[in-house]
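Q: One-letter residues, chain by chain:
Number of protein chains: 2
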Amino acid sequence: MASKTSLSGFPEWLPQERLVELHMLDTLRETFELHGFSSIETRAVETVEQLLRKGEIDKEVYGISRLAEDEEAAAVAKEGKLALHFDLTVPFARYVVDNAGHLNFPFRRYQIQKVWRGERPQEGRAREFTQADIDVVGDGSLPFRYDVELALVMIDALSKLPLPEFKLRVNNRKLAEGFYRGVGLTDAPAVLREIDKLEKIGRDAVAANLVEHVGATAEQADAALQLASIRAEDTSFVDQVRALGVQDDLLKEGLAELGEVIAECVRRAPGRVVADLSIARGLDYYTGTVYETVLVGHEKLGSICSGGRYESLASTGKKTYPGVGLSIGVTRLVSRILSQGLAEASRAVPTAVLVSLTDEDSWSAAQDVATELRSRGIACEVSASAAKFGKQIRYADKRGIPFVWFSSVNDDGAVTHEVKDIRSGEQVAADPRTWTPPTEDLAVRVVNAQ
Amino acid sequence: MASKTSLSGFPEWLPQERLVELHMLDTLRETFELHGFSSIETRAVETVEQLLRKGEIDKEVYGISRLAEDEEAAAVAKEGKLALHFDLTVPFARYVVDNAGHLNFPFRRYQIQKVWRGERPQEGRAREFTQADIDVVGDGSLPFRYDVELALVMIDALSKLPLPEFKLRVNNRKLAEGFYRGVGLTDAPAVLREIDKLEKIGRDAVAANLVEHVGATAEQADAALQLASIRAEDTSFVDQVRALGVQDDLLKEGLAELGEVIAECVRRAPGRVVADLSIARGLDYYTGTVYETVLVGHEKLGSICSGGRYESLASTGKKTYPGVGLSIGVTRLVSRILSQGLAEASRAVPTAVLVSLTDEDSWSAAQDVATELRSRGIACEVSASAAKFGKQIRYADKRGIPFVWFSSVNDDGAVTHEVKDIRSGEQVAADPRTWTPPTEDLAVRVVNAQ
Numbered sequence: 001m002a003s004k005t006s007l008s009g010f011p012e013w014l015p016q017e018r019l020v021e022l023h024m025l026d027t028l029r030e031t032f033e034l035h036g037f038s039s040i041e042t043r044a045v046e047t048v049e050q051l052l053r054k055g056e057i058d059k060e061v062y063g064i065s066r067l068a069e070d071e072e073a074a075a076v077a078k079e080g081k082l083a084l085h086f087d088l089t090v091p092f093a094r095y096v097v098d099n100a101g102h103l104n105f106p107f108r109r110y111q112i113q114k115v116w117r118g119e120r121p122q123e124g125r126a127r128e129f130t131q132a133d134i135d136v137v138g139d140g141s142l143p144f145r146y147d148v149e150l151a152l153v154m155i156d157a158l159s160k161l162p163l164p165e166f167k168l169r170v171n172n173r174k175l176a177e178g179f180y181r182g183v184g185l186t187d188a189p190a191v192l193r194e195i196d197k198l199e200k201i202g203r204d205a206v207a208a209n210l211v212e213h214v215g216a217t218a219e220q221a222d223a224a225l226q227l228a229s230i231r232a233e234d235t236s237f238v239d240q241v242r243a244l245g246v247q248d249d250l251l252k253e254g255l256a257e258l259g260e261v262i263a264e265c266v267r268r269a270p271g272r273v274v275a276d277l278s279i280a281r282g283l284d285y286y287t288g289t290v291y292e293t294v295l296v297g298h299e300k301l302g303s304i305c306s307g308g309r310y311e312s313l314a315s316t317g318k319k320t321y322p323g324v325g326l327s328i329g330v331t332r333l334v335s336r337i338l339s340q341g342l343a344e345a346s347r348a349v350p351t352a353v354l355v356s357l358t359d360e361d362s363w364s365a366a367q368d369v370a371t372e373l374r375s376r377g378i379a380c381e382v383s384a385s386a387a388k389f390g391k392q393i394r395y396a397d398k399r400g401i402p403f404v405w406f407s408s409v410n411d412d413g414a415v416t417h418e419v420k421d422i423r424s425g426e427q428v429a430a431d432p433r434t435w436t437p438p439t440e441d442l443a444v445r446v447v448n449a450q
Numbered sequence: 451m452a453s454k455t456s457l458s459g460f461p462e463w464l465p466q467e468r469l470v471e472l473h474m475l476d477t478l479r480e481t482f483e484l485h486g487f488s489s490i491e492t493r494a495v496e497t498v499e500q501l502l503r504k505g506e507i508d509k510e511v512y513g514i515s516r517l518a519e520d521e522e523a524a525a526v527a528k529e530g531k532l533a534l535h536f537d538l539t540v541p542f543a544r545y546v547v548d549n550a551g552h553l554n555f556p557f558r559r560y561q562i563q564k565v566w567r568g569e570r571p572q573e574g575r576a577r578e579f580t581q582a583d584i585d586v587v588g589d590g591s592l593p594f595r596y597d598v599e600l601a602l603v604m605i606d607a608l609s610k611l612p613l614p615e616f617k618l619r620v621n622n623r624k625l626a627e628g629f630y631r632g633v634g635l636t637d638a639p640a641v642l643r644e645i646d647k648l649e650k651i652g653r654d655a656v657a658a659n660l661v662e663h664v665g666a667t668a669e670q671a672d673a674a675l676q677l678a679s680i681r682a683e684d685t686s687f688v689d690q691v692r693a694l695g696v697q698d699d700l701l702k703e704g705l706a707e708l709g710e711v712i713a714e715c716v717r718r719a720p721g722r723v724v725a726d727l728s729i730a731r732g733l734d735y736y737t738g739t740v741y742e743t744v745l746v747g748h749e750k751l752g753s754i755c756s757g758g759r760y761e762s763l764a765s766t767g768k769k770t771y772p773g774v775g776l777s778i779g780v781t782r783l784v785s786r787i788l789s790q791g792l793a794e795a796s797r798a799v800p801t802a803v804l805v806s807l808t809d810e811d812s813w814s815a816a817q818d819v820a821t822e823l824r825s826r827g828i829a830c831e832v833s834a835s836a837a838k839f840g841k842q843i844r845y846a847d848k849r850g851i852p853f854v855w856f857s858s859v860n861d862d863g864a865v866t867h868e869v870k871d872i873r874s875g876e877q878v879a880a881d882p883r884t885w886t887p888p889t890e891d892l893a894v895r896v897v898n899a900q
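Note that the protein sequences, when read in sequence, are chains A and B. The opening residue of the first sequence carries number 1 in our numbering; numbering runs sequentially from there. The opening residue of the second sequence carries number 451 in our numbering; numbering runs sequentially from there.
To be clear, the hints were calculated from the coordinates, so they are not data collected in a lab. Careful, some of the hints might be misleading.
When the alpha-carbon atoms are kept at most 25 Å apart in a straight line, the in silico PhoX-like pairs for lysine-lysine are as follows [what the hints assert, rightly or not]: (1) A/114 with B/650; (2) A/197 with A/114; (3) B/848 with B/838; (4) B/702 with B/750; (5) A/300 with A/252; (6) B/768 with B/647; (7) B/848 with B/564; (8) A/197 with A/167; (9) B/650 with B/750; (10) A/197 with A/160; (11) B/702 with B/650; (12) B/610 with B/647; (13) B/750 with B/610; (14) B/647 with A/391; (15) B/769 with B/617; (16) A/398 with B/750; (17) A/398 with A/388; (18) B/650 with B/610; (19) A/318 with A/114; (20) A/167 with A/319; (21) B/531 with A/398; (22) B/647 with A/319; (23) A/81 with B/610; (24) A/318 with B/610; (25) B/848 with A/114; (26) B/531 with A/81; (27) A/114 with A/160; (28) B/769 with A/319; (29) A/200 with A/318; (30) A/300 with A/160.
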């Protein structure tokens, strides 16, 4: 159950929902770091000039300006108009150029931040959302091997999330472009733009468009569509492409690259990868491998993790920085998990133990118990008032705190402690210096509902 | 050494600097959760109307608007003009009202997010910065005890950060207001606005202002200044205030409250707290306890953690939500730590081990080794090409990776593994299923330079 959002397209989570999101962010971070990726963050704003370098996205960009307009005019004159970033790739490219002298290449980074797009909100598309990106960027060149590695890293990361089965769909732009050239279609971007519509408008309409808009013959259109129909969960696609009988060096190179990605993914993560020769995304950007990811049974949600190889992420006068990377749409995933109850937190709050008060004067002694427990990593809070025990227990129960701690002082001044599991009702003697809850109750866990 | 920032007031960190920031954020989060605070995030934007409720801060606020103006006009008409939040308190108040039916009160939350202010940048004041807030909010009422608890939580959190000594300065608005009333000064906010200038303009100028602007007699001004001069690291301030001979019920109440905060902090965290009766912050907001925190030796940096009690964080028609909370200026702290080298990361990257390649065909076998190491929490990466070992070691050295792994296949097909500590040069036989680095090399640590 998602919390009420008072502003469409700007999702907010209740505390127990946020625990699911935190678990996902923690898992991604841990996985990326295990693979040697460094964390960076970039500022939320870029100059409009920087953001619109690739053109035609100005409708989605949120500009920012100080409400006090007199100061604003001077600032704009000095720095240029500023706007919120709409992805993490453009800012990363700028960061690499800004800091190239301080970075070691190939530079491996992950970046988990919010981005903003002024789009019409709908399910799976928010105006403020979190992306989790990994990229490796080289100085001048970057071995192809990273195309394989990044697929494996993302498969590792996605496998650890509380998600249904997913499929990483991979294609290669060299393969497609070489193939089109081999059949005499030289405007590869135009062909791919039409192929990209396959799922939406169907094969016949795409064939007609290829003839009408790209100037293809019926045979050329048919060949392009035959290529796009190839799908395989192993390297058998290589023979299927060869069987189409097209000769081209770029095709050959792309085929070898895609073969390597698929072979290694099949070997290391069987069932997670598909060679899908209809994938046509981000043409102006990508120059080789391209990736998309769908959740099986949730295909209409769109791709949850996409990316590819770009020969020039950034360039200055003399240098280019090629890279390969993928981006997870974290908010899209969290929204789906929460709206369909695919996973949930084992309890609603971090607190494992409520330390109760026997009387109003026992607050400081209760803090001593809490400090002892916290020193051993047990999250706890102290009751704010010495209400009847039943009321203190109900408070814990309502908040989802599993244990309540009781301390009492005997007539001879000795202190005894007991702790109650309020789910089972079991109450046992306990020492604040040694007692620990069962492992599954120590910290909040996020459990897959399936 | 901070990275070059291409936009003034929007700091960005190099990867090794970001490790220091991450360590601080992790430490704060862990501490807040150990004390039973739930994480929430609010959207980055609020309506301008919401942000300007308290008035007079419009110069600092960044409005946002879609660059495509035709769509924008319709959106503004529908939702009102949007702007980036300038703190986390106003959005939190709105969140509490929006979600009151789904929250359990007293609601304990922490919130760590970026905020934006269009201020003139200078050291310690950025235009984009991270705040870490904790607040407890009640439904209708909130026991005073939380004023004590929140001070203790923040002292615990700040004590764990790689910082110089700090002092939490505490005052109480009831105490000040009651005292002023007791000497016949009824416009407490006006008096406090003058007292707030003490450090800047000095005692004589404040006395003159009190007479001139607030209508105080010389005796009243003197009394107010005597109160503001009281400072104590224990509860001795109570007698000092009483010695001034002013009688007022509100004064008495404030004195008792401040006494309780100081007594408990002295008991549980000696040396961390000061009763400072000159603290006058945020008057329109706070209604009881107020907190500020200075780093000893860095007083000019300003307060690094501030807050207080507010009787009405938010209110709807029939309900009010009183609260108490504090906010840490994380970016201000990180900037100071980095610019003065107060702490640094034990290495520049998360990677502990570089798995080297013997030849180009060994990449997949090297991935097997890496997978084995990662399954036991050891961060590693695999060389991208089988350069000479010397070159692979230099790559690790340059990036700050402490260990390099070597695998070789004997003539009889048996694989042997060795791992080299490239700092000492020591190289030993190792099994990927059992070898671990020394504890201090397992993960990046952040070490205090002092």
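Q: A separate judgement is required for each hint: does it hold in the structure or not?
A: Hints, verified against the model:
1. A/114 with B/650: 39 Å, violated
2. A/197 with A/114: 29 Å, violated
3. B/848 with B/838: 16 Å, holds
4. B/702 with B/750: Answer violated: residue 702 of chain B to residue 750 of chain B is near 33 Å, above 25 Å.
5. A/300 with A/252: With a Cα-Cα distance of about 33 Å, the restraint between residue 300 of chain A and residue 252 of chain A is violated, given a limit of 25 Å.
6. B/768 with B/647: Judged against 25 Å, a Cα distance of about 38 Å means the pair is violated.
7. B/848 with B/564: 32 Å, violated
8. A/197 with A/167: Satisfied, since the Cα-Cα distance of roughly 20 Å is no more than 25 Å.
9. B/650 with B/750: Since the Cα atoms of residue 650 of chain B and residue 750 of chain B sit roughly 11 Å apart, the hinted pair holds (cutoff 25 Å).
10. A/197 with A/160: 32 Å, violated
11. B/702 with B/650: 29 Å, violated
12. B/610 with B/647: Distance of about 32 Å is beyond 25 Å: violated.
13. B/750 with B/610: 22 Å, holds
14. B/647 with A/391: 47 Å, violated
15. B/769 with B/617: 36 Å, violated
16. A/398 with B/750: 46 Å, violated
17. A/398 with A/388: 16 Å, holds
18. B/650 with B/610: 32 Å, violated
19. A/318 with A/114: Violated - the C-alpha atoms of residue 114 of chain A and residue 318 of chain A are around 32 Å apart, more than 25 Å.
20. A/167 with A/319: Given pair residue 167 of chain A, residue 319 of chain A is violated - Cα atoms ~36 Å apart, limit 25 Å.
21. B/531 with A/398: Roughly 38 Å between the alpha carbons, so the hint for residue 531 of chain B and residue 398 of chain A is violated.
22. B/647 with A/319: 54 Å, violated
23. A/81 with B/610: 40 Å, violated
24. A/318 with B/610: Distance of about 46 Å is beyond 25 Å: violated.
25. B/848 with A/114: 32 Å, violated
26. B/531 with A/81: 18 Å, holds
27. A/114 with A/160: 22 Å, holds
28. B/769 with A/319: Given that 25 Å is the threshold and the Cα spacing comes to 61 Å, the pair is violated.
29. A/200 with A/318: 42 Å, violated
30. A/300 with A/160: Within the cut-off at roughly 22 Å; holds.
Hints 1, 2, 4, 5, 6, 7, 10, 11, 12, 14, 15, 16, 18, 19, 20, 21, 22, 23, 24, 25, 28 and 29 from the list above are not met by this structure, while the remaining hints are.
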